[in-house]
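Asks: Single-letter residue listing:
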Amino acid sequence: MSIGTANLSVDELKEMARTIRRDCLVQTHVAKSGHPGGPLSAADYLTSLYFNYVKVDPKNPKDDSRDYFIISNGHCSALNYALLSRRGFFPPGYLMTFRSTGSGLEGHPNRHKTPGVDISAGSLGHGLPIAHGIALGAKLKGSDQRVFVNLGDGELQEGSCWEAIMAAAHYRSDNILAVVDYNDVQIDGRTHEVMNIRPLDGKFKAFGWKVFEGNGHDMNEVIRLLDHAIDSMGKGQPVVVLFHTVMMKGVPSFENDHIWHGKALADDKLLQTALTELGYNETPKEAVASYGDVNVARGEYHKIMGWPPPQVCDRD
Amino acid sequence: MSIGTANLSVDELKEMARTIRRDCLVQTHVAKSGHPGGPLSAADYLTSLYFNYVKVDPKNPKDDSRDYFIISNGHCSALNYALLSRRGFFPPGYLMTFRSTGSGLEGHPNRHKTPGVDISAGSLGHGLPIAHGIALGAKLKGSDQRVFVNLGDGELQEGSCWEAIMAAAHYRSDNILAVVDYNDVQIDGRTHEVMNIRPLDGKFKAFGWKVFEGNGHDMNEVIRLLDHAIDSMGKGQPVVVLFHTVMMKGVPSFENDHIWHGKALADDKLLQTALTELGYNETPKEAVASYGDVNVARGEYHKIMGWPPPQVCDRD
Amino acid sequence: MVKTGKDRWTYELTRKAYGETLVELGHENPRIVVLDADLAESTLTKFFRDEFPDRFFEIGIAEQDMVGTAAGLALQGFIPFLSSYAIFITGRAWDQCRQDVDYMKTNVKLSAAHGGISVGKDGPTHQSMEDLACMSACTNMKVLVPADYHETIKAVRWSAEYEGPVYFRLGREKVPMVTEEPSPFEMGKGFVHVDGTDGTIIACGLMLSQAIEAREILEEEDGIKPRVVNMPFLKPIDEEMIIKCAKENGPIVTAEEHQVYGGFGSIIARVVVENHPVPMRIVGIPNMYLGSGDPFDLLAIAGLTGRHIANKMKEVL
Amino acid sequence: MVKTGKDRWTYELTRKAYGETLVELGHENPRIVVLDADLAESTLTKFFRDEFPDRFFEIGIAEQDMVGTAAGLALQGFIPFLSSYAIFITGRAWDQCRQDVDYMKTNVKLSAAHGGISVGKDGPTHQSMEDLACMSACTNMKVLVPADYHETIKAVRWSAEYEGPVYFRLGREKVPMVTEEPSPFEMGKGFVHVDGTDGTIIACGLMLSQAIEAREILEEEDGIKPRVVNMPFLKPIDEEMIIKCAKENGPIVTAEEHQVYGGFGSIIARVVVENHPVPMRIVGIPNMYLGSGDPFDLLAIAGLTGRHIANKMKEVL
Ligand SMILES: Cc1ncc(C[n+]2csc(CCOP(=O)(O)OP(=O)(O)O)c2C)c(N)n1
Ligand SMILES: Cc1ncc(C[n+]2csc(CCOP(=O)(O)OP(=O)(O)O)c2C)c(N)n1
Ligand SMILES: [Mg+2]
Ligand SMILES: [Mg+2]
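Protein chains in written order, with my numbering: chain F, 1 to 316; chain G, 1 to 316; chain B, 1 to 317; chain X, 1 to 317.
You may find that some hints are simply not true.
[Claimed, not checked] Listed next, with one range per pair, are the computed distances between beta-carbon atoms:
id: 1; chain 1: X; residue 1: LYS6; chain 2: G; residue 2: ASN60; range: 38 to 46 Å
id: 2; chain 1: X; residue 1: ASP7; chain 2: G; residue 2: THR283; range: 53 to 61 Å
id: 3; chain 1: X; residue 1: GLY164; chain 2: G; residue 2: HIS192; range: 35 to 43 Å
These aren't lab readings, by the way, just hints derived from the structure by calculation. Small disclaimer: the values here were computed from a predicted structure and weren't measured. For glycine and all other residues, C-beta sits at the position ideal for the given N, C-alpha and C.
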């Protein structure tokens, strides 16, 4: 395989997003920790973006001509890992090691431990400055690499984001595309109640960005928005798409409640409800089992990373 | 004397601004260091604001019902000190100790060492968050104190400013008025070239502030703008006035050149030119001498501060 | 056999002590106000928020603004307690902590949740191993790490009474209850937790439990009886106690959940070499990132266990 | 009489060495890029800016963004040197230095101008007394303080060659030229600057000149001949050299232009107590803000002089 996109049909994207939602829920369930809420709100548009627009080579994650894909709100690591594994960087079975001691799939992504992760994230407000540095570097190298960066809406309360938003416009960095998970939720409640960031379109415009805005769950609209946004790149202005989303989208019993920002469906009963609502006819146990033997996956992962073979320890 | 404003006429304000410009130039000349550029660009509107709108009692700097006046861009300390001394907090003669070892008039204002200084400033981007805390505190106390805060335009590149701008709007803090020294200059050059902050009105509006904008040197316009701005306080929204200014305004030979941001007219010849251009018919020596015996001023200052009497040392 | 490890102790959250005590203080003193940066659900300032909504300021994810705002509230005569994770208070807002709180000597209490590597699964970006170095370097700051639930209550109450900048560090996990409600507590003071004659172990925070285990291991295995000192304050540091221990008992082993550079052990080492040099071992995080994982796994990997402290004491005696 | 004070030395700016060397490096290596946060006129990155405008990134007054942007450029294979004042790199962007540079191990060089209190008249908000503690606590960071003009050139060249995070601290004022162009320089190594037999003075940065003066005072007044060691690297620290000095010469006095908490002396004290305890004195800023004033006045007030070092050595020998 070489550099490129996965080029899925709309129906394939929808099905992939469903798979990825399940991945996120099962990962956090097994880890009994982690963040399901953001991953489920960003699942549709990031699946579309990552599979159909971002050019990467899963067999050669550091390919010099790749596009960069950065999930700045690193607490959405479960989503990041699901996207990477489904795109072919490592076996999905390894997702079951999420957040366990010694796993490459840490609580927040670590660029030294996961293939396809370009930056280590976790502290909010770091992704955009780094992304902009990468974008400036691409231009300086004369490369047509593009930089895609996902931001949380709560994350946009960090001043460091606005520094980078200002700088990207100043440098007319048109090889950068930001997408915002505009779910109006953060840890302490609704974003507009915790610390209102609206109007986000007005803010980005006043800071010199080209802005698109729409529904982040309607796959046809997502594709239309991303097509337009990507067409707008290369025109002397950074571009952002504000995707209106719903936290925990896809599992109606949990939707829109901020407590799921950082709380796993650790309980079997909760996961059962969610799996059913996602349309999976399986028990939590069956779901976990479907990922196969974690030790096999671990072995493959270690091979990919060039790490010494894993010690199989009892605890797993 | 009790709490209140100085209530000067337009002509008195103009003359006061001229005095204050001279104070700033002579202070930095004597110290052979410090920042004349910003002080001269903000001199007109801050003189107007401080003498005619900010309620203070120079004999009781910590009066519980005072308005707060904060110069967030602390490098404009020479201006801060000139305003305070001319408003009656301490004798102007003490300005001649500016930046010398042991002086209360430090390179950047220190709230523990200068009467009338409400915060210690120097690191940019701190003033607005603190000012907002003071404003929230006033409301919580049920006090109608107002908070006035001066910001540099370069300073607005700091993300911490935008955090506070967002928060003040979120809290509908209408007891805070910011004024911006929009001189389009910072250390490394023209602000719009170093890191463009335009359009500043659009940015503040998108962040939920009421915005006024105009010429910061035309005293009639300054008063009109401040009147409007202050009328707009108390209406559920923070207010900002963007004052278009010229660095080193008042001394045409030096105007608009960024090198004077932080460079004193240390040389007698330079100060002579400036004094003449300001309309003072005096030599630098005469100008310095006009401030009187520095040791007398120092004695008075120590008394005001409740410090032990100064040791008169040879160096002065 | 000495009972070591998880089962030996009763555990409780220090942040629970914090959240509960804030509410009590809120009732006692109307000048207490609380700020958080979108972590009220986790730092447990939500207890205060729900009881005193008018005196609670949610700042959102903007730690710089939170610290500055707290300084402003302090200038108005309030006593602000602000909360976030240790790494974000220290990392995102060090300049504000230094200039607006420490240098301006405002009466702000920096309450740092989720200190140390026992944060666990969130991984290195959330594990604060450097905060005590960064904060102890601040001139006017009082810096302390309460050992457990009871000591946290005392620390929070003391902070409210003390006029000036304070930084205290709490943890994410439940930690062993090692002190008692009536245990002594005083600014700048360490306390002999278990007396002994063969060297001294000086610990702060959750490492106090490990120091106690180390003592028991040493006694059982080698009949060695070190003194165990609980020293919650890094600044001011209890020089008198350190010197006394060095003089009376010789070798010292320190234990902290912090990078060895610039932390608790370094501060004590400085006091020791300047006053009464004795051999020391500094148990702390050995200059490495731990990765994400189970908190107790990580502590073991970093060598932050009673066993490890005991071995170090054997080395040095 | 020992010549002390201002007149004894020839002075030069370390930041001039920095600015000039960047230009040379720019010619030698197209991967060198430079960033500044509206202080190019002061940090002297303006030399590079004027020579290589395409490889210079002016970020404006936004230190967090500058550090993050540098990390991004490093990910693209460039070697970014970024500049601001020590207090602002450390204070405003510690989280970025820690997460984007140290933890991510990006090849970023943090060049901190205006370190220490010799910044002088700008006062405490601009005087960095804590940066070395904050930066040394970072796991992967190499931390150094060149003594003078010549050593700065070596430090900058070494930084460009070394692959990984580096923090080096320069000053505002011209400082005494104490090393020679051919003086030795190697990562993690200290060097005997003047040999001796009675104790050791270990210094970094501008304090090396004061250590030399102290030695001369001691020799003249008491016939005491301490060894003087120049130790530019705080991290990695030269444990071998420290232990050797402790064993051969006994007492150690350290000298740094930094708060005594968590700085150079603390790092050395830790090595000493863990390996070969000897009496020490740590000369540094004694936990106080100095105010604004003449740089040499401030150094004298803080006790950062040859005379003070000499007195401390007498105390401890
Ligand atoms: C600098 C920083 N401050 C605080 C946190 C703790 N934190 C993690 S996620 C989060 C809320 C993020 O909100 P948002 O970006 O909207 O993400 P969502 O909840 O929608 O997934 C917070 C405060 C952090 N990771 N980094
Ligand atoms: C956080 C911080 N970064 C950098 C500096 C150094 N600095 C002092 S003044 C200044 C430029 C300020 O520009 P502006 O606010 O426009 O003020 P003006 O030059 O117009 O007076 C800079 C970068 C600082 N004081 N604080
Ligand atoms: Mg959100
Ligand atoms: Mg300006």
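Asks: Kindly indicate which numbered hints from before are broken by the structure, ordering the numbers from low to high.
Replies: Hint check: 2 fails alone, others pass.
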